[in-house]
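Turn these sequences into a full structure, and let the hints guide you.
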Amino acid sequence: MSPISLTPMELAMAAVLVLASAALSLRLALGIQRPLLVAAARMVVQLVLVGLFLRQVFALTSPWVTGAVVALMIAAACHEVGSRQERRFQGAWRYGVGGVPVGVATLGIALLALATALRPDPWYDPRHAIPLAGIVLGTAMNSASLALNGVFTSVSRERAAIEARLALGADRYTAFRNIIRGAVRAGVLPVMNQMAAAGVITMPGIMTGQILAGMDPIESAKYQILLMFLLAGGGFAASAGSVYLAVWRLTDARDRLRLERLVSRHGG
Amino acid sequence: MVNGLCGLIVAASNYPLYVHEPESPVPRGLRARLSLRPSIRPLANTTLTDTCSSLIVNGLHGRLAGPFDLGIEGGECVALSGPSGVGKSLLLRMIADLEPARGRVELDGVDRDRMPAPAFRRQVTYVAADAGWWADIVADHMAYPERARALLPGLGLADALFEAPVATLSTGQRQRLALVRAISQHPRFLLLDEPTSALDPEATARVEALLARLREQGTGLLVVTHDAAQAVRIATRRLRVTPGGLEDETP
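Read top to bottom, the protein sequences are chains A and B.
Position one of the first sequence corresponds to residue 1 (this note's numbering), numbered consecutively onward.
Position one of the second sequence corresponds to residue 1001 (this note's numbering), numbered consecutively onward.
Keep in mind the hints are simulated off the structure, nothing from the lab.
A virtual CB, placed ideally from N, CA and C, is assigned to each residue, including glycine.
Be careful, since some hints might not be right.
These stretches of chain B come out as covered by chain A in the derived footprint (C-beta under 8 Å, 3 or more residues) [said to hold, decoys possible]:
1. 1092-1100
2. 1120-1128
3. 1177-1185
In structure tokens form, the structure reads like this:
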């Protein structure tokens, strides 16, 4: 159970792989040596900083500090979801339509897991709460991004079909039924693939990390299973939540399509 | 009795109903409907609408067009004409509550805002010139498949089209099927945006005949058309849409 501690020397040996790739890229005039080295350097700096930061946060074991870190992570995810869309809402809705479901799903799932399956002592123990919130947040953010992209790209294409249904007396959610179905599916698809392929086609990251760190494979599999369930729930909640919120905002109380609330990334 | 009730509704209404302005004659459609009444028989698979309906548009205006004032009764056909871009489609869409607008629209004296928008649109149904389709097969768009199927022969459409994929249909077939889709829901008023724009003369004549039968059954029609001869054939009143409102063109 004792993890094998890595020395700087061993890491430097692995870094040779990146340097060799960069040298080969230069030799073959592929032109990717610069972005490759920049990305590798960024990764090292970011992870070391996060490690140092988390060491401090773990040492404090304060519910306020833990809460603040999680809040910061959620805010960053909201910004990501809002800025990834080619077409988007104006004003605060741009971030709210994805950010609110992502935040609610992450907090809900993380708290549920802390209260039932994991039960660390104290329950806000940052060693459990922060990585858990982080992994759920990543999946929820991806799901919401994909789902919103599905709504926003199909709503313009399907405009005539939506309006035909509204004109015939359908309410707004019925008129959007095809779009809702497709967008929620697009958001949940990566999580479903991940579950279906887990252990057969790919070795899930958590399990790999735990096994490498010296944990029993069955114990790490149990952790992975728990996390997969949490991710599936989080991904679905974030997809469905953001899709319904987007449809609600794309229509009004009189069941009218309000496409003018959607703007393109480059002006108008 | 029905007509007496109709008069009562009109008399009680505070809004100018076009047909009851003293200087305008009783519309031909209304007269025709009254004189035809004893001989009216319900169509197969349809019910005879025997109530007097009224649709009153009062001061309706959007950002770019209006205000529009208009009153239509069941059994009337009002043709709308005007240059492209003047707001004819916009007017129909505003009446159907598909476009935000200021002003009042009343169905049988009840403000449309007092009923859910979907319920209102099932009574006052807008059909676009090139209406959209949301499923693969024609039949999956029909709320009342038997009623819809019964309407196909009258419009010169083969029964097999009912089960056909929408993607295989011609523009003209889609246009008539969109009409079938709306009519089979038995709306009280139909707002038709160039309903024969993609049709040959024979199909156009069939659509016009169907519209005439709908009028006999008491359906009110508001039809945008660029064809002046068609307006003369189908309409009891002809109105011209201008940026500032409607002008009566009925001789």
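Here is how each hint holds up against the structure:
no. : hint      : in the structure
1   : 1092-1100 : holds (count 5)
2   : 1120-1128 : holds (count 6)
3   : 1177-1185 : holds (count 4)
Checked against the numbered hints listed earlier, the structure breaks none of them; every hint is satisfied.
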